[in-house]
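Peer 1: Protein chains in written order, with our numbering: chain A, 291 to 401; chain B, 55 to 164.
FYI, nobody ran anything at the bench for these hints, they're computed from the structure.
Bear in mind that the values here come from a model prediction, so they are computed numbers and not experimental data.
Keep in mind that the hints are not guaranteed to be accurate.
Stated by the list, open to error - Capping the alpha-carbon separation at 25 Å, the derived lysine to aspartate or glutamate pairs in DMTMM-like fashion look like this:
| id | chain 1 | residue 1 | chain 2 | residue 2 |
| --- | --- | --- | --- | --- |
| 1 | B | K121 | A | E389 |
| 2 | B | K57 | A | E389 |
| 3 | B | K96 | A | E362 |
Stated by the list, open to error - Pulled a few chain A residues facing chain B out of the computed Cβ check, cut under 10 Å:
| id | residue |
| --- | --- |
| 4 | Y325 |
| 5 | Q327 |
| 6 | F392 |
Positions of the beta carbon are idealized from the N, C-alpha and C atoms, including for glycine.
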Amino acid sequence: EAAVTQSPRNKVTVTGGNVTLSCRQTNSHNYMYWYRQDTGHGLRLIHYSYGAGNLQIGDVPDGYKATRTTQEDFFLLLELASPSQTSLYFCASSDRVTEVFFGKGTRLTVV
Amino acid sequence: QQKVQQSPESLIVPEGGMASLNCTSSDRNVDYFWWYRQHSGKSPKMLMSIFSNGEKEEGRFTVHLNKASLHTSLHIRDSQPSDSALYLCAANTGYQNFYFGKGTSLTVIP
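One chain only, chain B, in its complex shape:
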């Protein structure tokens, strides 16, 4: 059973638009959530992390976390073609067991 579910599987947005990605964990022991970005042919790299309820913003990227529902979302405003990538959500417990979702493939159309 996949412990981290992501939606949608794929997303197409116009350049300058807003992309919204979702992630939910089914493991109530999860404490930490991470968002990774993987460009084609490259390895995943951490984009943002969030550990507490609420919102965190870094430039064009904003993440939200609701620990009660174990749901996190990533929002990319003013999307650029260079944002086109696979976005992976990960969650882990204090025992450092990272679970990754299947990812959302984002395409930004110029």
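Only chain A is shown next, with the shape it has when bound in the complex:
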């Protein structure tokens, strides 16, 4: 079974704070994704990557940075967190024409 591990699972931060969400996959997949999920909006793609050192901009990138340090590790950075970034964040991985495997999610609250 493909494995995608996210940490932390829950995070509370203050407005203006720095947050880093971590994701590791052990599937040897080339593609990794960060999504946010909000009621009424479904899953929205923030950033994705084709491999170590590669970064592609998704549909809702404003306020987010991402970095793919290795094939396994993909990080999402919020440098000045705002309440609008309160959401459920999913990391995922896939390979060419295969299903996307999701992590268990990180619930982020910005107060």
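Got chain A; can you put chain B on it based on the hints?
Peer 2: Same frame as chain A, now just chain B:
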């Protein structure tokens, strides 16, 4: 602009009934369609995929695809309360850019 549209937004069916969910892509470059199921508090998991015109059946679940209209549908027969979940449609191109719809929330009433 949402590249994958799903309907209805929510659906209630009685136990044992048929649930029909629809999905259309507005991106003509899309090649592959996927259906994911997300139970409350869980992450999405792939239910079925379809890449060619026609129909594919797996147990109580059937998917149809019409590539000309970029429309896919998921049909669940003999619906069970355990089928209650958010159903997400996804589409992607050969460049591996997955787009998800907003989902259909299915409730199966015992």
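Peer 1: State for each hint whether it applies.
Peer 2: Checked hints:
As the CA atoms of K121(B) and E389(A) are separated by approximately 19 Å, the hinted pair is consistent with the 25 Å bound. Restraint check: the Cα-Cα separation between K57(B) and E389(A) comes to about 18 Å, which is no more than 25 Å; the hinted pair holds. Using a Cα cut-off of 25 Å, the hinted pair K96(B) and E362(A) holds, with the two alpha carbons roughly 22 Å apart. Because the smallest distance between the Cβ of Y325(A) and any Cβ of chain B comes to about 8 Å, under 10 Å, the interface hint for this residue holds.
The restraint placing Q327(A) at the interface with chain B holds, with a minimum CB-CB distance near 9 Å, inside the 10 Å limit. For F392(A), the interface hint holds, since its Cβ comes within 10 Å of a Cβ in chain B; the closest pair sits about 4 Å apart.
In terms of the numbered hints stated before, the structure departs from none.
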